[in-house]
Amino acid sequence: MTDAGIAHQAAIGGFELAKGSKPRALGIVLEGKFASSGVSSVFVDGEGSTPVVAGTAATAVCSFGAGSVTFAAATGGVVTGTWIIGKNHAAGTDDLDIFMADGEFVSQLATNGVGSVFSPLKTVSDISAATEAAPAVYTTLTPHGFIVNDVVDVTGASNALHNGRHVITAVGDTTHFSTGTVGSGGASTTAAATHVIMPGTCNITSINGGTVSFLLCNPHEDTDDLSTGESYRLTLRAYARGGV
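Residue numbers for the sequence shown follow this note's numbering, so the first one is 169 and each next one is one higher.
No lab work stands behind these hints, which were simulated from the structure alone. Given the structure is predicted, the values throughout are model-derived calculations rather than measurements. Just so it is clear, CB atoms sit at the ideal spot from N, CA and C, and this is done for glycine as well. Some clues are possibly wrong.
Quick list of the computed label-pair ranges, beta carbon to beta carbon [what the hints assert, rightly or not]:
id: 1; residue 1: Glu272; residue 2: Ile315; range: 20 to 28 Å
id: 2; residue 1: Arg192; residue 2: Ala297; range: 52 to 60 Å
id: 3; residue 1: Thr279; residue 2: His344; range: 15 to 23 Å
Sequences and hints are given; from them, build the entire structure.
Encoded structure:
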């Protein structure tokens, strides 16, 4: 059963009986790309629209929530950010008392600072042919939606050498895409391809009034560093007392 934050509130100082002290849950869900220009910001209202998107995060969308979220450029595979909730005043000036926050984060791999918009369920399962030649060319019955530099997992190919993790090197048209070198063994008649989604970590680093600061990273920092151009989905939650 959801406790509406009461257990958490009790754990940090006991129940408060003052009028207006009841906690409320706040949340926001964003999908977008890490900006190649460095800092990127997304400003959203309570209806889920994005009136202003700064930097190169123009693909960002908001599922719900309100406030402004700012991301710093990826440094050493880590992205830092802040979420200002409420009236969007300067950091620490909102009339909120946030006593707890958490979040969830996943990224969609890409190379060279370029990748598709976030698409966790994008799978092309109707590949009808894949050539043996290098680069391997895959033919699909329906539009694949991939772009150059997307990282995909290919499975189910009749030539096992087609299976594995590949980078899209060329897109001929909506039903043809190419990957890197594939060894001998013959062409494939069937296969499936899907975007590579990496589970990540969202660490809350500080809370100041109506501002939540966070840090995003992938779990295996040595091989799965975050980079510009990668797509993401970020869910942030905060529990607060005070007006919004």
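Hint-by-hint comparison with the structure:
Hint check: Glu272 to Ile315, Cβ distance near 26 Å, so the stated range 20 to 28 Å holds. Judged by the Cβ atoms, the range 52 to 60 Å given for Arg192 and Ala297 holds: they are separated by roughly 55 Å. For Thr279 paired with His344, a C-beta distance near 20 Å keeps the hint of 15 to 23 Å intact.
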